[in-house]
Every structure is written in structure tokens, then in C-alpha cells.
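**Student:** Sequences listed follow chains R and S, in order. Residues in the first sequence are numbered from 1 upward in steps of one, following my numbering. Residues in the second sequence are numbered from 1 upward in steps of one, following my numbering.
What the hints contain is simulated information worked out from the structure, not anything from laboratory work. Note that the structure is a prediction, hence the values are computed from the model and not measured. Note that CB positions come from ideal geometry on N, CA and C, so glycine has one too. There may be inaccurate statements among the hints.
[Stated by the list, open to error] Partner residues are not named here, just some residues of chain R that face chain S (Cβ under 8 Å, in silico):
1) GLU14
2) LEU16
3) ILE72
4) SER185
5) LYS188
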Amino acid sequence: MKVKIRKIMTVVDETLSEQGRDVSPHIRRAAAIAVIANPFAGTYQEDLSELIDVGEELGGFLAERAVAALGIPGDKVESYGKAAAVGENGELEHAAAILHPKLGAPFRKVLGKGAALIPSSKKRGGMGVVLDIPLGHKDAAFVRSHFDGMEVRITDAPRANEIVVAVAVTTGGRPLPRVGGLKVSEIKGEDGLR
Amino acid sequence: MPDVRVRKFLVSVEEIHHEGGPVVAVPPRRGTVLAVIENPYAGSYHADIQPFMEDLKPLGLAMAQKLLAALGGDPKAVEGYGKGAIVGEAGELEHAALWHAPGGYAMRDVLGGARAIVPSTKKVGGPGARLDIPVTHVNASYVRSHFDAIEVGVPDAPKANEMVVALVMTTGPRVHARAGGLAAADIKGEDGLR
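Isolated chain S, as found in the complex (with noise of 0.2 Å):
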């Protein structure tokens, strides 16, 4: 990663029995990793962004690796994802796009074969800020019961200079999902969608 300046990463892992209803026998868990690194376009407007993109690709790839690991290291164990960025106030919501393609191709290249779009959220915002990133099923988006959403941040992060990248995986739908659609064993597979 030689243009990329880590200051802290911040990994999570959350274990859900039951949510009211039921204990469930297996918990689902929902982990992040979350990146607090320089934003080298901050302060003023770069036309040209794009050369941070392929910076990026090697801290998403490791990043990846870091969360499977802390999900237990199976890919097969993860059936969703999600992705997202807050950039500091010297930065731009821009800057934050530059984290779709290294993020994304990251994990698909970790899990082997994800099909569906990597749902993915941005903002701006101070250190503390938090955002909820989307989660949608690995192979099918449509996949209703793996909708799911979390919420992530770092106290002191980002600062003016700063960008708060992250990666959000699951282990399975939501704890007592029961709001029909698309089941996770209906999935054709063919397109990411259904």
C-alpha cells in the first residue's frame, strides 16, 4: 500500500441469539472492518481522482481478509455484504466513490464468485459520524430476508483530512426474518438479482 496511509483499523463482530423471539441455535453474526486513512485529495478540488482507486485495491483486499478472518475464515460461511465511506470535511462525497471498485472487487475476490452488487452508502462528516451501511444477500440482491443494514463509525475518526472506509459482512439473514420474498433457497443465480 504505498500511497495509502493507515492511521487505525477498527474490526467488529456481532453475535445475534435472538432478537425477542426465539433463541436461535445457530447466531447469525454481522461483522466490519473499517479503515481511518489519509484522503490525499483533501482541501482542494482534484479533476483527476482516479489514480487513489488502484491505491486503494491492496488495503481492500487485506481488509477483506481481516474481516473474513474475524468472521471465522470461511468464505462459505458468508451469505452478505455490504460496503461504505464517510469522508472528512476537507474532503468530498466524490473522494468517497473511489472506494466502490477496490471495496467491492475486494471481497467478491475473497469470497469466490459473489454475484450481486455490493450495496454501498457515503457521506461527510466528523469524527464520530456514523453510517449504516446496507447489506444485501451475496449472490441474489432480491433475497428479502437478507436485507439488513449496520451501523458503523470511530469515535475519532474521520478528521478534516481523513476518509473512514469500511467492509460489512453477515453470516445469514435477519435473526427472525419472516417478511416472505425471495428465500435464500430460491436463488437461480444467474443475473445477482434473483
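For reference, chain R alone in the conformation it holds in the complex (with noise of 0.2 Å):
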């Protein structure tokens, strides 16, 4: 890979009960998280594309790592989300560059499909900044029980030359879903909405 790499972080989170009540199946969530070089930090680079190809690269990595992580085949994942950190001598265009253009694709390869938007997050901060990835359910972005989000860090990161670079996945929505909203059972698959 072109992209230079510090550290890569995976967590998984596994939900057995919610408010005294047991949640059958349990719900895990997993995400792969990679501490990056920033090339164009400390300086203003009008031509972003090193770093879009960056997130073409993490986009594939970081799904292989997440989906690795939660255990299950890459098609049975129900929703997904991504999300990055700028450290204090980038700029937040540095995130969307690698957030927006071509971090999809590969990512919803290692997923088999995924016709939903992937639900974006991104920041600047110092180390240790939270980042909050909103998830959706990959086919259907309306599916209301899969809106949520998952709070990851690294203690360490970003540096300020650094980017931290966030995708999640899960098997599962919310623990308790009880707000209605279109559901799972009624998603129609044609335009990555219903």
C-alpha cells in the first residue's frame, strides 16, 4: 500500500442486554480504524488526489479488517458507517478527500452490495478526539432501526501531521428498536433509500 500507516485499531463491541432486558441475537458492532501520514499537513495542496487514493486504499483494508473483526461473512452485514479525524496541522477537506470519493466502492465490495449512502462523520481535533461514525443500514438508508452510531478513539491519535480513518459494521441495529419507521422485513432494495 501506498499509504503510510502508524497503527490500525479494531474494536468490537457486543450488546448481551439493555435496560435489564436480554437482547437476543446479541448485537456486535466492529470497527477497523487506521492512524495515517497527512502529506499535504501544515501546508494548503489544491490538488487532493494523493489523498483520495488513500481512501481508495483504506476503503478495502480497513472494510477486510472491520468485517474480519465481527466475525461474519461480509454479505450478512446490516449496517455501515465511516468517519475520519484531521490532526490540527490539516484541514478538513484532507477528510473529505478520503472520506468521499472513493473510499465506497471497495468498501462495499468486501460487503458483496451496500445500496445506502454510507453515513459520514468528520472532525478536527488532538489526540484522543472522539469520533461518533453514524451507521445506516447498508441497502436501505430509511431502515429506522439501524440508525445509531459508535464512538471510537486512539489515545495517541491523530498527531498533528496525522489523519485517523474510521469505517464500522455491525450486525444489528439498535438494541431495543421500538420508534417504527420502515423496517428490515419491508426494505425494497431498488434505491439504497427503501
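Fit chain to chain and form the complex, with the hints in mind.
**Tutor:** Here's what the structure looks like:
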């Protein structure tokens, strides 16, 4: 890979119960997070294509790590999300270059498909900054039970000249969904929305 | 685990390629496993709390196995360890001390013959509280290259009547260890210290 990785972290959380009620099946959520060098830290760079390519590399790499940590086949993943945090010498646009143009296609390839928009968030911050990765159903963005968020952080990143890039995948939505809306069983799967 | 109610597990693995120095051929990994459990003694003073220590033993073993699996499953690959606990606000620091025996012995069981005391730390804290868990070499506490620490926490735990119990393991020294002292190669292995 061309991207310069300092550190990779995977996190899996598994919810067994909520508010005293059993959650069955248990819900698992996995994130894979890379800490990479920001080639444009400290300068204004008009052409961000290098970071766009970094996004393409990381999309597949991190998705594979996250799915492996989740422990299910890629096509069984139910929801997904992505996020990035740029260190203090970088620019929010650097996160956008990684996340938006090319990261999605290789990410979806690991999952078989994924018709829905991959929800995302981005920020600039110091070491240990919290990333709240938004989550949505991978085939129909309007599935209300799967609107969720996963908090991740790496204690010693991003340093000033680094970027933290994260993707998340899950085995399901919120532990005890009961606010209605479009259900998984009602997905038409034509437009990525419903 | 008849008397231990687990709400959530969280497993993380970091893989460190460098920290500003040369990229290492075999990146050391640092793994953690956390369980969010109900604190049976929350809310009032109980003189006799030791029965819960017995109850925690199967959980400790299950967590140590989960952590080892996340690190690849080879007990010989594990070179450092540590443990810790965070007690929610309706509990007492003393409740965290119940984790010493079940957490420590579980890791020794799974690793087979680790000699060094398992370093530990504890605190009382709210949801999202972070804990810096100390790490030392599994066979000789004085090995300087393996003195390390891993920050852990769960965004939504511990609630007031919960505890977070944690185990951590590492597969190598600090990535650019060069502060001298006892080297892993010079361990005598008699007393767990040197």
C-alpha cells in the first residue's frame, strides 16, 4: 500500500442486554481504524488526488479488517458507516478527500453490495479525539431501527500531521428498537433509500 | 456465570507499525477485553463481598480466552499483561478489588505459566471514564522494554450500578523500546521479577 500507516486498531462491542432486558441475538458492532500520515499537513494543497487514492486503498483494507473482527461474512453485515479526524496541521477537506470520492466502492465490494449512502462524519482534533461514526442500514438508508452511532477513539492519535480514518460495520441495529419507521422486512432495495 | 450479569463486551486490538521511528517488521499488538457487568453491591455497604469474587472466575476465564483469540490464539505470542476495573458511582473502590484474583488467575490459566504479578489499577467513575491499565512482562516484572500502559473505557459505562472489568495483553515491547534496563532475553525466570 502507498498509504503510510502508523497504527491500526480494531474494536468490537457486543451488547447482551439493555435496560435489564436480554438482547437476542446479541448485537455486535466492529470498527477498524487506521492512523496515517497526512502528506499535506501544514500546507495548502489544491490537488487532493493523493488523499483520494488513500481513501480507495483504505476502503477495502479497513472494511476487510472490520468484517474479520465482526466474525461474519461480509454479505451478512447489516449497517455501516465511516469517519475521519484530521490532526491540527491538516484541513477538514483532507478528511473529505479520503472519505467521499473513492472509499465507498472497495468498502461495498467487501460486503457484496451496499446500495445505501455510507453515512459519515468528520472533524479536526487533537490526540484522543472522539469520533462518533454514524451508522445506517447498508441497503436502505431509511430503515429506522438501524440509525445508530459508534464512538471510537485512539489515545495517541491524530498527532498534528496525521489523520485517523475509521469504518464501522454491524450485525444489527439498536438493541431494543421501538420507534417505528421503515423495517428491515419492508426494504424494497431499489434505490438505496427504502 | 450464574450471578454475573453482563450488559456488554468490548474487544480492541491495536497493531503498531511505528511511532515516528523505523517501521518494524512484526508490528506489536496490544489487545483489550472489557465487560460491563452489574455490581451486586451497588447502593449500600456490604461487609461480606468476597462471594462475588468466586462468581467472577468464569467471566474472567471467558474474557481471557476472548482476548487471546482476538490476538491470534497463540499463548506464546503474549509477552505483557495487565488488568483493571472501573466501578460506577453507586459502588465502592473496594468492589474493584474483587477483580484481582479472578482477572489475574484467568490470564495465567490461559497463558500457561506466566510468573509475574499482573499489574493493575482501579477507580470509581462515570460512563465513559477512561482507565490507564499498566502493562508489564508476563514472566519478569522488571523487563523495562515491556513497561507500557493501555487506555481503555466504554462510552456508555459504567452506569451507577455497574462495573467495567478489563484485561489487557501485548505481544511485544514498546514499538521503539530503547531505554535500557533488563531485557527480555536476560530473564532468569525464577521469581517473576527478573
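**Student:** So, for every hint listed, does it hold in this structure?
**Tutor:** Hints, one by one, checked against the model:
no., hint, verdict
1, GLU14, "holds, 4 Å"
2, LEU16, "holds, 5 Å"
3, ILE72, "violated, 15 Å"
4, SER185, "violated, 27 Å"
5, LYS188, "violated, 33 Å"
Hint violations for this structure: numbers 3, 4, 5, all remaining hints satisfied.
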